[in-house]
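There are 2 protein chains.
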Amino acid sequence: MRILIKNAQILTMTAPELQKGDILIIEDKIAAVGQVPREMLTGSEKVIEADNHLAMPGLINAHTHAAMTLLRSYADDLELMTWLHDEIWPAEDKMDAEDIYWGTMLAIAEMIKGGTTTFADMYGPFMDKVAEAVTSSGIRANLSRGCVGAADPEKIKIAENIALFEQYNNGADGRIKVWFGPHAPYTCSKEYLQKLAQAAWERGSGIHVHLAETTSELEQIKEGYGLSPVEYLAQAGIFDGPCLAAHGVWLSDEEIAFLKGKDVSVAHNPVSNMKLSSGAAPVAKMLACGLNVGLGTDGASSNNSLDMFKEMAAAAFLSKLSTMEPTSLPAYEVLKMATVGSAKALHWDKEIGTLEAGKKADLILLDLNQPHFCPWNNSVNDLVYSAKSSDVTHTIVNGQILMEERKLLTIDLAEVMAHAQKCAKRITAK
Amino acid sequence: MRILIKNAQILTMTAPELQKGDILIIEDKIAAVGQVPREMLTGSEKVIEADNHLAMPGLINAHTHAAMTLLRSYADDLELMTWLHDEIWPAEDKMDAEDIYWGTMLAIAEMIKGGTTTFADMYGPFMDKVAEAVTSSGIRANLSRGCVGAADPEKIKIAENIALFEQYNNGADGRIKVWFGPHAPYTCSKEYLQKLAQAAWERGSGIHVHLAETTSELEQIKEGYGLSPVEYLAQAGIFDGPCLAAHGVWLSDEEIAFLKGKDVSVAHNPVSNMKLSSGAAPVAKMLACGLNVGLGTDGASSNNSLDMFKEMAAAAFLSKLSTMEPTSLPAYEVLKMATVGSAKALHWDKEIGTLEAGKKADLILLDLNQPHFCPWNNSVNDLVYSAKSSDVTHTIVNGQILMEERKLLTIDLAEVMAHAQKCAKRITAK
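Each protein sequence line maps, in turn, to chains E and B. The number in the numbering used here is simply the position in the first sequence, starting from 1, with 100 added. The number in the numbering used here is simply the position in the second sequence, starting from 1, with 100 added.
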């Protein structure tokens with residue numbers, strides 16, 4: 101399909117300046133941005149008049165557990181271990197394939213409505229259902245089977261991750277990438293980690309892992325191995341290929357430099373880190389060191405939404421508070437984290453993350469005709485400090501319009517919500 | 101007018117439980133909540149079918165500078181003193197009566213769209229224009245003329261605050277309350293503060309003041325007077341009547357107990373405190389001590405929106421992070437701050453803050469049919485952690501519908517935005 105977006109304020113994310121212009125999409129790619137050659141201005145099946153709208157790259161959620169939407173608002177304001185042991189894990193144990201499918205569809209619906217065009221998901225079992233939901237909804241995703249080694253003596257989960265890779269990597273017209281998901285240092289033995297790293301590198305794939313999220317993780321790994329979580333994962337070879345490390349709340353300056361040297365990316369999850377009292381990740385230090393940082397929401401049970409606009413604001417606020425420097429993490433840096441930073445973290449930056457001719461057409465439009473955008477100063481600041489996910493009017497992935505004037509085109513939201521409500525009721529019954 | 105709201109999920113804020121039922125409004129008051137007597141179910145001019153909606157008290161913004169909307173996104177990510185001296189104050193010096201009117205109207209439009217039904221404003225000059233905007237828009241407000249003593253040798257600002265009181269207190273059908281606004285410990289001499297306190301107490305009015313916002317304020321008052329800001333204001337008699345102290349970021353345990361003893365209320369502004377790197381107010385300690393806390397957005401130039409839903413989430417997240425206790429400031433406590441806490445802070449709790457028969461009809465409806473509210477667990481948690489200001493469909497103040505299905509009924513938004521854009525351009529021109 102050929103789509104022409106006319107007269108938008110365009111933020112390409114190759115520079116912080118806005119430009120007024122058009123965007124031409126041909127099939128799954130951006131054909132032209134800004135000045136569309138006159139001879140290409142005709143012949144589009146779809147023309148979107150985008151006066152008073154801003155076009156920007158779709159937001160990329162670099163770390164979530166999509167189907168945890170089913171546990172939204174089910175167990176809040178609890179101690180971390182009470183939350184996990186008494187509430188989350190027992191409910192997760194009851195999840196079947198249907199639950200994963202509908203929970204993921206609900207997450208995807210929420211993400212598309214909030215301008216997210218790609219997400220990195222680590223969950224399981226039944227990741228094939230996640231792949232199905234991604235395929236049918238039209239969104240883009242990096243999927244990994246969350247492998248808790250402590251509960252996997254037969255390495256069945258590793259086999260499932262491999263099967264997921266074989267079946268779905270590069271599937272759905274290239275919208276699905278499969279990586280490998282060792283859950284965390286405190287749930288995987290060194291040997292188990294090595295197996296997963298080997299499985300990933302053999303296939304030219306990557307690793308998605310939790311890292312240094314809480315002080316109790318630090319204590320546990322220190323006690324068990326006399327190492328820090330970074331040292332432990334490094335010994336297991338987890339950083340010897342493409343690696344997305346979620347959280348990174350408790351990293352020393354030396355570890356930040358080390359991870360930078362290894363070309364690891366961190367997925368920053370400010371809302372979850374605050375809500376669960378995990379701590380404030382030293383994001384400003386990471387960026388100063390050149391370590392790539394993406395932005396994620398974590399699962400809905402610890403957020404409780406999958407709203408990347410809320411997450412961007414939280415990232416800025418948390419950094420300014422924790423460093424006591426109001427200049428820390430300025431707006432454009434935050435926008436970079438949520439777009440090009442996340443794209444790079446998923447090793448997808450050649451295809452997504454900016455609006456450039458030749459890249460995949462993953463982009464969103466925001467309605468600027470809102471009181472909270474007035475006065476409009478042609479500044480990117482309010483995309484971080486004032487914008488709301490409800491300002492997103494159009495979400496386009498791979499050249500397909502998934503939301504138009506806030507209406508989802510590929511998802512029957514009423515059906516998804518009815519199923520999700522039913523699934524949630526069953527798994528949270530005590 | 102007689103309005104019947106049918107079949108809503110009702111959160112009265114007298115208890116954390118939701119109840120399904122109806123609400124009857126007669127003229128400016130709530131006539132019945134929950135079970136409306138059968139004989140009263142007929143004869144309403146307006147019936148709102150509220151299935152799939154939640155009704156709750158309107159949110160009360162306990163501290164803002166409304167017309168600062170004109171400075172939104174104009175000067176972000178700067179050092180506090182650079183921000184104030186080089187950007188904010190020079191722009192404010194250029195503001196005339198028209199600017200204050202349109203800036204305030206823009207703020208009111210944004211607040212009504214976000215479910216705020218009352219705000220406490222400290223700004224000036226031209227507070228009569230703020231009163232005009234409140235009068236015509238239908239919102240409720242506590243107004244005080246911000247009096248910077250250091251720039252007021254003739255005490256003209258105090259005279260203006262008195263004139264504002266004489267003309268507008270209890271005006272607009274009781275929707276306006278006028279208090280007195282000594283700006284802050286660091287901008288007012290003791291004698292100046294005393295004059296304002298006297299002016300307030302003589303008239304049975306109250307005081308709205310900034311207090312202990314930054315460490316530099318603490319240092320300045322220590323250096324100038326050998327006192328803490330609380331001690332300084334106490335010596336000037338500022339706490340000897342109704343007093344709303346904004347921020348309270350840097351209060352000791354003893355000061356919290358002292359303020360509780362004086363029946364002072366604190367307006368907590370988490371977003372502004374994070375964005376400007378002011379610090380984390382010890383809100384959990386305040387509440388544990390019984391000190392009343394309301395919630396505010398501060399001005400749009402340090403937020404950058406006037407979104408009380410965003411502010412509620414920020415309050416919860418900030419407290420959980422700064423105490424490193426995930427149980428700190430649970431959702432219902434946050435909702436109390438934004439409703440009954442703020443109402444009490446404005447000494448308006450006999451009339452607003454909860455949904456009870458006999459109280460003023462200040463309430464909002466939220467559309468629960470949203471993916472981020474699914475699954476719906478009849479829990480108030482998602483009003484803090486997932487709700488968005490865009491979920492508000494109806495805003496009612498004093499029995500008048502100010503927004504219906506997201507359309508403003510008393511404000512011409514396009515006109516307001518056009519004027520505000522023009523005003524902002526002039527005052528921020530360099």
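Be a bit skeptical, because a hint or two may be false.
Copies of one chain are not kept apart here, so a pair can be met inside one copy or by any two copies together.
[As the list claims (entries may be wrong)] Cut-off 35 angstroms, straight-line C-alpha distance, at most; resulting in silico cross-link-like pairs (DSBU-like, lysine-lysine): (1) K295 with K522; (2) K522 with K322; (3) K507 with K360; (4) K507 with K522; (5) K525 with K106; (6) K360 with K530; (7) K362 with K525; (8) K129 with K322; (9) K450 with K322; (10) K255 with K120; (11) K120 with K450; (12) K525 with K129; (13) K522 with K120; (14) K194 with K129; (15) K106 with K129; (16) K507 with K146; (17) K522 with K290; (18) K530 with K146; (19) K194 with K362; (20) K120 with K530; (21) K194 with K146.
No wet-lab data here; the hints were simulated from the structure.
So, going through the hints one by one against the coordinates:
{"no.": "1", "hint": "K295 with K522", "verdict": "neither (38 angstroms within a copy, 63 angstroms between copies)"}
{"no.": "2", "hint": "K522 with K322", "verdict": "neither (42 angstroms within a copy, 60 angstroms between copies)"}
{"no.": "3", "hint": "K507 with K360", "verdict": "neither (41 angstroms within a copy, 50 angstroms between copies)"}
{"no.": "4", "hint": "K507 with K522", "verdict": "both (23 angstroms within a copy, 33 angstroms between copies)"}
{"no.": "5", "hint": "K525 with K106", "verdict": "between (45 angstroms within a copy, 26 angstroms between copies)"}
{"no.": "6", "hint": "K360 with K530", "verdict": "neither (45 angstroms within a copy, 42 angstroms between copies)"}
{"no.": "7", "hint": "K362 with K525", "verdict": "neither (44 angstroms within a copy, 48 angstroms between copies)"}
{"no.": "8", "hint": "K129 with K322", "verdict": "neither (48 angstroms within a copy, 62 angstroms between copies)"}
{"no.": "9", "hint": "K450 with K322", "verdict": "neither (38 angstroms within a copy, 56 angstroms between copies)"}
{"no.": "10", "hint": "K255 with K120", "verdict": "neither (54 angstroms within a copy, 50 angstroms between copies)"}
{"no.": "11", "hint": "K120 with K450", "verdict": "within (24 angstroms within a copy, 52 angstroms between copies)"}
{"no.": "12", "hint": "K525 with K129", "verdict": "neither (41 angstroms within a copy, 38 angstroms between copies)"}
{"no.": "13", "hint": "K522 with K120", "verdict": "between (46 angstroms within a copy, 20 angstroms between copies)"}
{"no.": "14", "hint": "K194 with K129", "verdict": "neither (41 angstroms within a copy, 48 angstroms between copies)"}
{"no.": "15", "hint": "K106 with K129", "verdict": "within (17 angstroms within a copy, 49 angstroms between copies)"}
{"no.": "16", "hint": "K507 with K146", "verdict": "both (16 angstroms within a copy, 29 angstroms between copies)"}
{"no.": "17", "hint": "K522 with K290", "verdict": "neither (39 angstroms within a copy, 63 angstroms between copies)"}
{"no.": "18", "hint": "K530 with K146", "verdict": "neither (51 angstroms within a copy, 43 angstroms between copies)"}
{"no.": "19", "hint": "K194 with K362", "verdict": "neither (38 angstroms within a copy, 53 angstroms between copies)"}
{"no.": "20", "hint": "K120 with K530", "verdict": "between (56 angstroms within a copy, 24 angstroms between copies)"}
{"no.": "21", "hint": "K194 with K146", "verdict": "neither (45 angstroms within a copy, 47 angstroms between copies)"}
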